Amino acid sequence: MSFNYRKVLTAINGELVQRDLQGLRFLCKDMISSSLLENASALQIFDLLEKRDKLSKRDTTLLAELLHHLQRKDLLRKFNLAENWQQETGLISDFRILLYTLANNLTMTNYQELVFYYAIPRSNSSDNSGVLQCIFELFVELEKRAIICSENLLKLKEGLKSLMRNDLVKRIDNYTQIQEKLQEQQSHSLQTPIFKESFGHNEQTSWRYPGPHSQESMGVEAPSGYEGEESSRMSQDAVRGDPHDPIIHQVSPPAQRDHMHDPTTHSTDLPAYPVKNNPRGICLIINNEAFSEDFKTSPKLKRREGTHIDAEKLEQVFKYLGFKILLHNNLTVGEMKETLISCSNMNHQNHDVFVCCILTHGEINCVFGSDGKSLMITQVTSYFNGSACKSLLGKPKLFFIQACQGHEKQSECYLAADADIDADGPVSPISYSIPDEADILLGMATVSGYLSFRHRREGSWYIQTLCNLLEQKCNGKNDILAILTDVNRVVAEKTARMKNPQTHRRESTKQMPQPKFSLRMKLFLSPPNDDLSVQDHHPPSASDAVDWKS
Numbered sequence: 133m134s135f136n137y138r139k140v141l142t143a144i145n146g147e148l149v150q151r152d153l154q155g156l157r158f159l160c161k162d163m164i165s166s167s168l169l170e171n172a173s174a175l176q177i178f179d180l181l182e183k184r185d186k187l188s189k190r191d192t193t194l195l196a197e198l199l200h201h202l203q204r205k206d207l208l209r210k211f212n213l214a215e216n217w218q219q220e221t222g223l224i225s226d227f228r229i230l231l232y233t234l235a236n237n238l239t240m241t242n243y244q245e246l247v248f249y250y251a252i253p254r255s256n257s258s259d260n261s262g263v264l265q266c267i268f269e270l271f272v273e274l275e276k277r278a279i280i281c282s283e284n285l286l287k288l289k290e291g292l293k294s295l296m297r298n299d300l301v302k303r304i305d306n307y308t309q310i311q312e313k314l315q316e317q318q319s320h321s322l323q324t325p326i327f328k329e330s331f332g333h334n335e336q337t338s339w340r341y342p343g344p345h346s347q348e349s350m351g352v353e354a355p356s357g358y359e360g361e362e363s364s365r366m367s368q369d370a371v372r373g374d375p376h377d378p379i380i381h382q383v384s385p386p387a388q389r390d391h392m393h394d395p396t397t398h399s400t401d402l403p404a405y406p407v408k409n410n411p412r413g414i415c416l417i418i419n420n421e422a423f424s425e426d427f428k429t430s431p432k433l434k435r436r437e438g439t440h441i442d443a444e445k446l447e448q449v450f451k452y453l454g455f456k457i458l459l460h461n462n463l464t465v466g467e468m469k470e471t472l473i474s475c476s477n478m479n480h481q482n483h484d485v486f487v488c489c490i491l492t493h494g495e496i497n498c499v500f501g502s503d504g505k506s507l508m509i510t511q512v513t514s515y516f517n518g519s520a521c522k523s524l525l526g527k528p529k530l531f532f533i534q535a536c537q538g539h540e541k542q543s544e545c546y547l548a549a550d551a552d553i554d555a556d557g558p559v560s561p562i563s564y565s566i567p568d569e570a571d572i573l574l575g576m577a578t579v580s581g582y583l584s585f586r587h588r589r590e591g592s593w594y595i596q597t598l599c600n601l602l603e604q605k606c607n608g609k610n611d612i613l614a615i616l617t618d619v620n621r622v623v624a625e626k627t628a629r630m631k632n633p634q635t636h637r638r639e640s641t642k643q644m645p646q647p648k649f650s651l652r653m654k655l656f657l658s659p660p661n662d663d664l665s666v667q668d669h670h671p672p673s674a675s676d677a678v679d680w681k682s
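Mapping to my numbering: the sequence shown position 119 is 251, numbers consecutive.
The set of hints was computed from the structure by calculation and includes no laboratory data. Incorrect hints may have been included.
Claimed, not checked - Okay, derived cross-link-like pairs now, PhoX-like style, lysine-lysine, Cα gap no bigger than 20 Å in a straight line:
(1) Lys139 x Lys183
(2) Lys139 x Lys205
(3) Lys408 x Lys609
(4) Lys276 x Lys161
(5) Lys210 x Lys189
(6) Lys505 x Lys432
(7) Lys654 x Lys408
(8) Lys434 x Lys451
(9) Lys469 x Lys408
Claimed, not checked - Pair ranges (Cβ atoms, derived):
(10) Lys313 x Asn410: 26 to 34 Å
(11) Gln203 x Ser294: 56 to 64 Å
(12) Asn136 x Gly262: 27 to 35 Å
(13) Asp299 x Lys276: 23 to 31 Å
Just so we're clear, the structure is a prediction, and the values are computed from it rather than from any experiment. Think of the CB as a built atom: it goes at the ideal place given N, C-alpha and C, for glycine as much as any other residue.
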C-alpha cells in the first residue's frame, strides 16, 4: 500500500460517524465477541481484527469490504481502497450482511412492532443511540434466543410479514434460495465459500467473486548467481501462513496412494471422477516470460528464461492426454482475467476435466502479469467454481502454478554439484488464503514462503518433473494425487547451489512442491486411445552444472 497504514486507520477512525461505528460493530460480530465489541471504538476494532489476523498492512481486504457495506465509498476512494474492494474475498458472512441490510431498511415504528411481536424488552439504547442500534441489538437478541440463525430465518420472515414489509421478505427469500442452491451444488462435497451475494443497497442481486489475489515469484535483481534473497527478512507470520485460514487440504498422501489401481473399479474406498470424453477438456496455459520495464508502481521482474520449455512440455503432455490446448504468452493481469473469464464462459458440458497452468513470477499466493501487477490465486480458481462455471460443476479442476511463493531458501541435508541459480523472490509478502472450493486441485511449485527454481535451458524442476510423471503414470491406474506425491519425492531429491551475495559462498538449496485439494473422488487420467506411447524425454538432472531460475 502506498500510504502509511497506521495513519490511514487513524484517519478512517476520525471520519466514521456514530451510525458507521454501530454498523462496524455489527458487521464484525462473527469475528469478534460481543463483549469486546460493545463499547469499542473503530481503532479498537481494527486492533482486535489485527490480533485475529483479519487485517494487516499487507491485507486490507476486510477494511475495504467493511467500508463498502457501510456505504462509505468516499473513504474507499480517498484511501485508494476501491480496487482492493473489487478483488475482495467476502470475509463477512452473507447472513451478517443480510441482517445489516434489513436493519438499514427498518424504521423506529418497525422496531417497536417487532419488539412487541417477539415479546422482547426494548433496548436500553433506544433513547440515545438511534433506531439502527436498536435494531442491531434486537437481531443480536433474536440470535441469542435461537429465534433466527443463518440456516433458519422463518421467524424473521413472519415478523416482517406482520409489518407488511414484503420488500424485506423478498430479500430473505432471495438469500434462502441462494443458500439452498449452494448447498445443493455442494452436496457430497466439501462445504465451500463459493460466491457470496451482495445483500447491499442495490435492488438487483449482484454476485461477487471470492477474494482474488494470487502470486508467483518476483524476479528481484541481485548479485550474479544469486537472486530472490533480500536483505530484509520476510515476516515469519507470512512464511508460516495464517493458522486460521480455511486452507484446502494440504496433500501429503500416504505412500500406498501410488499403488496401482484397477482402471474400472480404481478403489474400494473412493469412487472416481468419470473421464470418458474426447477431448477430455480444455488445458489453458498462461506463460509469462517478458515483463514490462515500466515499474513506477511495481518492482522489477526479470525475464523468465527457459519458461517456453515448460510451456512446450505442458502442451505436449496434455495434448497426449486428450486435452484441447489454449496457450497464451505474456499476458497482463487484465488480459489474464479476460482469458480466464472467457474460458469460464465456455460450454464445458462435453468435457470431463479442466486444467489451467500458469507460468510466471509470484509472491505468497499470488501470480504476476507481464505488467508487474498481482493476481490472487483465489481469484484464478474462483472463475471456475460451481457458481461461476456451471458446466464444470462437480468436475475436477486442476491448477498448476510454477512460481515462487516467497524469499526463503529451503536447506538440504546432502550436497550437490554447483549450479548458478536464479530464483524469483517476492518483494512484499502478502498473506492470503486459498479457498476450499469443491473439486479443485491446486499444484504449487513450492510451499508458501519459499523459492522455486527454473532451468534456463531445460525448464523448471516442478513442471518438468510433473510432465515426465504424467507421461509415465497417466495410464488409468495411478490417481492424480499419487502422481503428485511422486512429484514431491522427485523434486525434493533435487539440490541446487546459490551464491550468497553476503558471504560469497555457494549455499545448498532445495524445493518442496505443495499440492492442495478439495477433490471428492479419485482422478485417473489417460490418453483417449489405446496408444500409450509417449515421446522420448530426458528429465533434467539435479546435478547438472547449469543455471537455474524460478
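For each hint given before, does the structure comply? Return the numbers of the non-compliant ones in rising order. Of the numbered hints, 8, 9, 11 do not hold.
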